[in-house]
Every structure is written in structure tokens, then in C-alpha cells.
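In this note's numbering, the protein residues as written are -7 to 548.
If you're looking for bench data, these hints aren't it; they were derived computationally from the structure. Please note that a few of the clues may not be correct.
What the hints assert, rightly or not - Derived DSS-like pairs (lysine-lysine); straight-line CA-CA distance at most 30 Å:
hint, residue 1, residue 2
1, K346, K31
2, K47, K31
3, K27, K403
4, K47, K313
5, K422, K334
6, K334, K76
7, K241, K346
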Amino acid sequence: MKSDIEIAQEAELIHIREVAKQLGIAEDDLELYGKYKAKISDELWEQVKDREDGKLVLVTAINPTPAGEGKTTTSVGIGQAMAKLGKKAAIALREPSLGPCFGIKGGAAGGGYAQVVPMEDLNLHFTGDFHAITSANNLLAAMLDNHIKQGNKLVIDTNQVVWKRCMDMNDRVLRNIVVGLGRPVDGVVREDHFIISVASEIMAILCLADNMKDLKDRLGRMIVAYNYEGKPVTASELNAVGAMAALLKDAIKPNMVQTLEHTPAFVHGGPFANIAHGCNSVRATKTALKLADYTITEAGFGADLGAEKFFDIKCRMAGLKPDAVVLVATVRALKYNGGVPKDKLSEENLDALKKGIVNLEKHIENVAKFGVPCVVTLNRFVTDSDAELEYVKNFCEERNCDFALSEVWEKGGEGGVELCKKIINTLETKESHFKPLYDINLSIREKIETIAKEIYGAASVTYDAAAAKSIDRLEELGYGNTPICMAKNQYSLSDDAKKLGRPENFNINIREVYVSAGAGFVVAITGTVMTMPGLPLHPAAERIDVNDDGVIIGLS
-7 MKSDIEIAQE
3 AELIHIREVA
13 KQLGIAEDDL
23 ELYGKYKAKI
33 SDELWEQVKD
43 REDGKLVLVT
53 AINPTPAGEG
63 KTTTSVGIGQ
73 AMAKLGKKAA
83 IALREPSLGP
93 CFGIKGGAAG
103 GGYAQVVPME
113 DLNLHFTGDF
123 HAITSANNLL
133 AAMLDNHIKQ
143 GNKLVIDTNQ
153 VVWKRCMDMN
163 DRVLRNIVVG
173 LGRPVDGVVR
183 EDHFIISVAS
193 EIMAILCLAD
203 NMKDLKDRLG
213 RMIVAYNYEG
223 KPVTASELNA
233 VGAMAALLKD
243 AIKPNMVQTL
253 EHTPAFVHGG
263 PFANIAHGCN
273 SVRATKTALK
283 LADYTITEAG
293 FGADLGAEKF
303 FDIKCRMAGL
313 KPDAVVLVAT
323 VRALKYNGGV
333 PKDKLSEENL
343 DALKKGIVNL
353 EKHIENVAKF
363 GVPCVVTLNR
373 FVTDSDAELE
383 YVKNFCEERN
393 CDFALSEVWE
403 KGGEGGVELC
413 KKIINTLETK
423 ESHFKPLYDI
433 NLSIREKIET
443 IAKEIYGAAS
453 VTYDAAAAKS
463 IDRLEELGYG
473 NTPICMAKNQ
483 YSLSDDAKKL
493 GRPENFNINI
503 REVYVSAGAG
513 FVVAITGTVM
523 TMPGLPLHPA
533 AERIDVNDDG
543 VIIGLS
């Protein structure tokens, strides 16, 4: 079969005007970026905001494995299949980050015949949103250091600067640096740090803000440092909000593109789910809900990360009420969780499947905790045996989950028709009783421990001394009644990536805790998770090139 990029490059795209017409969007409400990309005008929301919402379907997955699960591919395929059934559907996804694109994961525009296009644009510079976020983040960092150099009127303690610079690339050597070296005119010497742009609080804010006023209010509340009295210093006090907002003026507008089968796709924002809250923008999701009968969205990595944050952070803040969840798995990934090495996954192994399916079982249980009905789908591989597929089907139906195979990677929308019928059946026969996992007014520790024990299955939670001190300080400052954004490795339910399946009797260790006051949540970092990833031995960048005809090759 052809590679993803070959399929995408051979696709016949239609003008974005024609894609928008499917949702009743007039050309005047599009801000065109060439023929195949557009931003949605602010005026459109005012026209549609009082309409009744369509159905909201979240696509999530088991914990990711090297065998692959295909969550984005499934999301795109569902949107295409809905069109095959004559349904008015839209997809709402995150924008890919350059870090994983050039690192180990590759792009994030779907795969096979279930892709969002133009694929190269999406995976690279797109409409410049990430550049705007990076620029706004680093403008604030520059203004902060300039303030310190120019007399430090706010009496900032340089040992308590918490705002970090960022870039949209995996670059481990920038995790811990020293700035201000050289002559006195070059600034004040201090320790500094870089994070990847998708971990920036500004990314989280862009994805949670309702409008420009809300964006500016949130930017102003961001804490950049603490003064010598231990009181927070905000971006507003540095007079940085207006300039940051100017850089983000266009970035806050949702982007529209299309799938290979011309289904409308809103692709906007991109916070990582193992670090940040892992969901596309509230504006994109809300717009899609007003324009389509079915909105298909996704949340990053497994349901223990993306789905939990989608429910407890995004839905809570935005007032969203999801109607159903699609939980994606593969036979190969379940066997990997059962201890089968990657090079043996093509062989039938029911014993390993039975051992590894406990990972899927835990995610099914977790979705049920939020009161949302669940459909399980398997991305089908040619090596999957009938016995393996039948076992998973029976396992899911015994747990009150509709089940369907997905073949969208190979067949596009046609390969998702069976799945869509099951989704529609679930929406029509099972009522969603969505509720967040925890009461927002619980203490920070109580909320952390609720997530760790209820969602991850941990037996206990421990706190490094610095984390415990930070929690006490944040509660004293009035930040105790916010949601929790857990930063955890994506490969395991635990904070140890090597513990596959459904680990038991494990401890979750909280290494660091800080508040993203503008975003409106407290971040708890577990284990060894990094906010600036590194590149692997052989990064994907080694395979990417441009041929003599100017065509990008090697992008996946």
C-alpha cells in the first residue's frame, strides 16, 4: 500500500469554500490561507451561537504502544463514514507539533485513507498558530528579564522566576540553561529553562478562551515569578498582555481544512496530553457543535490522560456535555500489553490477548465513571485472527459497550460505516449522564489522589518535599479550587512507562506542582515526565526531504 504522504499528495482536494458550504458557512466568514485552508471569522459565532448543539462524540484510546492504535485515523474515518451515511458531521482535532513530527511519533493528520489534508501543511507550519504562541510566550520572557535588568520595580526574586521560554521542537539541551552571561548590559545572570511550545500555558489558554476578552483576562493572570515576599507577579503587572494579544489575534480563530473525502475538519490548538490538557480549542469544538449534527473530537494519548482532562478540565470549563465515547484499541496493542514483543505481534496469541485486555478493561471502567456511554472499536489488521477479534467483541459486549471493527485506514469512510452505525445506535438508545470525576472544591491533594486512585488504579500517592511545599503555598494563595492537570507518561496507567497492562499496588509520585493561573488549573508532574522532550537515536527528521520538484518526501 502507498505511504500516507503519497496518498495525501495524490488526493484531489476541493476548494475550502466548497467544504465550508457543507456546514452552511458563507465565503464572507472565511479568512482564506490559499485554496485549501481557512480561518473562521469571529462574526460567524455571533450568527450561530444560539443554535441547538449537535451530538458530541469523543474519540480516545487505550494506552499507546509501539504497535500503534490509530486514534486520529479513527476520528477522521468516523467523520468520513458519517458522510457516507448521509449525516452532517464535522471533525474537531488538534494541530500537530513540530517536535514529534521531526522526532519519533511523526505527523498527526491521520493515516491511510482517513487523513486530514493538506497533510504537509498541517504537519509543518499550517496557519502559523504555533509560531504566534511561541512568539507570545517568548515576548513575555523577554519583557520579564528586561524588567529585572531595568531596575526590577516589582522586586522579582530571580530565584523564583517560573515563566519558561519555549520552542516547538524537541531539544533536550535547552531544558536547563543559564541566561544573562557576558557583559552587564547583557542582563542579569540566572538559571532558566525551555519547554516545548505545546506545553506553554499560552497554548492551554488559547484552547480554553471563549473570545479575545477572555484570552486577555487569562493572559493577564499568568504567574511569571514570585517577589521577595513570596507574592505572585503576573503578566498583567509586566504590561505584556496587549502585545501578546496582538500576536495571538489571528491564532485564536479556528482553522478549517478537509479530509480526503472532503468532510469539514476544524483543526485548532495543540496542547500535549501527557503535559497539558490535550484537547483542541473550545472555540473550534463549540463552533462545530453549532454547525454539524455530529461533532467528532479527540483527546490525546490514552483515556487516562486525554479523556480525563477532556472531561474534568475542558468540559467543566466550557460547559460541554459529551454524548458518547469511542474507545480505540488494536489486537496488536492488547497483545503487546500482554507481554508479546513487537516482532511477534502478527502471530495469533489468545493467551497474551486475554492477559493484555485488562488495559482496555480499565479504560472502559474509567469512561463509565464519567457517566458517558462507550463504543469500543478495533483498528483491524490483516494479521488479526477471527478468534482474537471474536474474543475482544464478546469482552466488550459483556461490559455493556457496543463494539465494531474499523477499517478506515484501508478503506476510508466506507471502512467506518459499521462503526458509525454502532455510534448512532448508542447515541439513540443510551443516554449520557455526564459528570466530572471530582468536586472542584476538594483540596489539591484530594483531587490528585482521586485521579491517581480512580483513573490510574494507584494504591497510594507520595509527594516530593518541594511538591508538598508548593501545594501548601498555592492553597494559601487561593488556587486550591481549580481542576488538576496531571503530567504523566502516556505508556502506562502508572508513572512508570514499563508497567504495562493494568498494574496494581503501585504508588504515584508527585515531583512538582505549579499553577497555570491563566489557564485555570494546577499542574502536577509525576515520575520522570519531561516538559521538553528529546530526540531519539534516529529522529524522523533524518527521513524528511524535498525533492528536485519541490515535493516534500518522508513525512509520516
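Comparing the hints with the structure gives:
Restraint check: the Cα-Cα separation between K346 and K31 comes to about 47 Å, which exceeds 30 Å; the hinted pair is violated. Between K47 and K31, the direct Cα distance comes to roughly 23 Å. Compliance with the 30 Å bound is thereby established for this hinted pair. Straight-line distance between C-alpha atoms of K27 and K403 comes to about 26 Å, which keeps the hinted pair within the 30 Å bound. Among the hinted pairs, K47 with K313 is consistent with the structure: their alpha-carbon atoms are about 9 Å apart, no more than 30 Å.
Proximity of K422 to K334 is assessed by CA-CA distance (about 37 Å); at most 30 Å being required, the pair is judged violated. Restraint check for K334 and K76: not satisfied, since their Cα atoms lie roughly 35 Å apart, outside the 30 Å limit. Only pairs whose Cα atoms come within 30 Å are accepted, and K241 paired with K346 is rejected, the gap being roughly 51 Å.
Checked against the numbered hints given earlier, this structure breaks hints 1, 5, 6, 7; the rest are met.
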